[in-house]
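**Student:** Full structure from sequences and hints, please.
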Amino acid sequence: MNRTDGDTGRALPDLSLVLVSWNVWDHVRACLDELEAHSRPANASDIRELPSEEAGQPVPTFEVVLVDAASSDATPDLVPLRFPWVRFLPQQDNTGFSRGNNIGWRATRGRSVFLVNPDTLVNPAALRELHRALWCRPDVGLVGPRLVRSNGELQPSRRRFPQRLTGFWESTWLGRAWPENPWARRYHCRQWPDDFRQEVEWLEGAALMVRRDVLEGVDGFDERLFMYSEETDLCLRIREAGWRIQYCPEAEIIHHGGVSSDQVPAQTHIIFNTSKVLYYRKHFGVLWAELLRRFLLCEFALQLGLEFAKLLVGHRVALRRDRLHSYWRVLGTGLRPTG
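Positions in the sequence shown are counted from 1; adding 1323 to them yields the working numbering.
Some hints here could point you the wrong way.
Cβ pair distances, simulated, as ranges [to be verified]:
{"hint": "1", "residue 1": "S1368", "residue 2": "L1625", "range": "51 to 61 Å"}
{"hint": "2", "residue 1": "F1618", "residue 2": "R1513", "range": "16 to 26 Å"}
{"hint": "3", "residue 1": "G1565", "residue 2": "R1617", "range": "32 to 42 Å"}
{"hint": "4", "residue 1": "E1524", "residue 2": "C1621", "range": "27 to 37 Å"}
Simulated from the structure, these hints should not be mistaken for laboratory data. Small disclaimer: the values here were computed from a predicted structure and weren't measured. Just so you know, even glycine gets a beta-carbon here, dropped at the ideal spot from N, CA and C.
**Tutor:** Here you go:
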């Protein structure tokens, strides 16, 4: 440990945590409170130490960089006051999760970069375990923890890379109609137990620890993917560069999930599906992307008709109106990627 900058002589952290927030102050506060409660200040004002496991053992150090995507809640005012040890990078606009993470990790100094959502609770044991796993083999470039919800329920995070037909059933009515189909089992790695360390193709992006040189080598996230599919694309490029990706269930992190996207359901539908189409265009070509785009539009048109029928019979009227508004907005965009 005890890394220093060769030019300035300043201490450098072993780990850099990067968070991107948008109107989630309560979760930001809980996440940073948890980190603060289980660490202590190091010599530098913005670096903290994890507690030592055994006397005489090196103590890992970390920094936190928080990129705020133009929040209108208390985050911009209270983070600098409540957590002066956090490097706070407020943005003028919400330019997306991918760009926010790129801004964040490029401002860090650790040799390991932990890209973690603010709606998580990260304990020191998980940080240490992930850091060890990342550096225990020279060919491992990215690791991720076991994610659990606040009630202790497992949140599956292991994935295989999408194939050409994956987007037509994953998160669509086809997948909901037959959730245990063999393609879904393969995609979600259900044929393997989730209680042992294993190599995977990609992991959900709520908590990913990556070597700095790996991120630099692939130039971080593709910023055309505003949010969603960005971690799939990142992991694919990391694997194509020759690195392995590991799932480490020994490290367990609580993830609440969806706290930013739930604020804008219509926009979430648009971004999620537009990102799928853009991922297809990037990796499978224009024809497959166009087929997927048209299929998704047909699905939303069908859902729009079903919601209208339910509205006519007076079934949960407020919900039906909200969904009609959301689905109509989706159809109005055409789900055409702009990147």
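**Student:** Does each hint fit the structure? Answer for all of them.
**Tutor:** Checked hints:
no., hint, in the structure
1, S1368 to L1625: 51 to 61 Å, "holds, 56 Å"
2, F1618 to R1513: 16 to 26 Å, "holds, 25 Å"
3, G1565 to R1617: 32 to 42 Å, "holds, 36 Å"
4, E1524 to C1621: 27 to 37 Å, "holds, 29 Å"
Against the hints set out earlier in the document, no violation occurs for any number.
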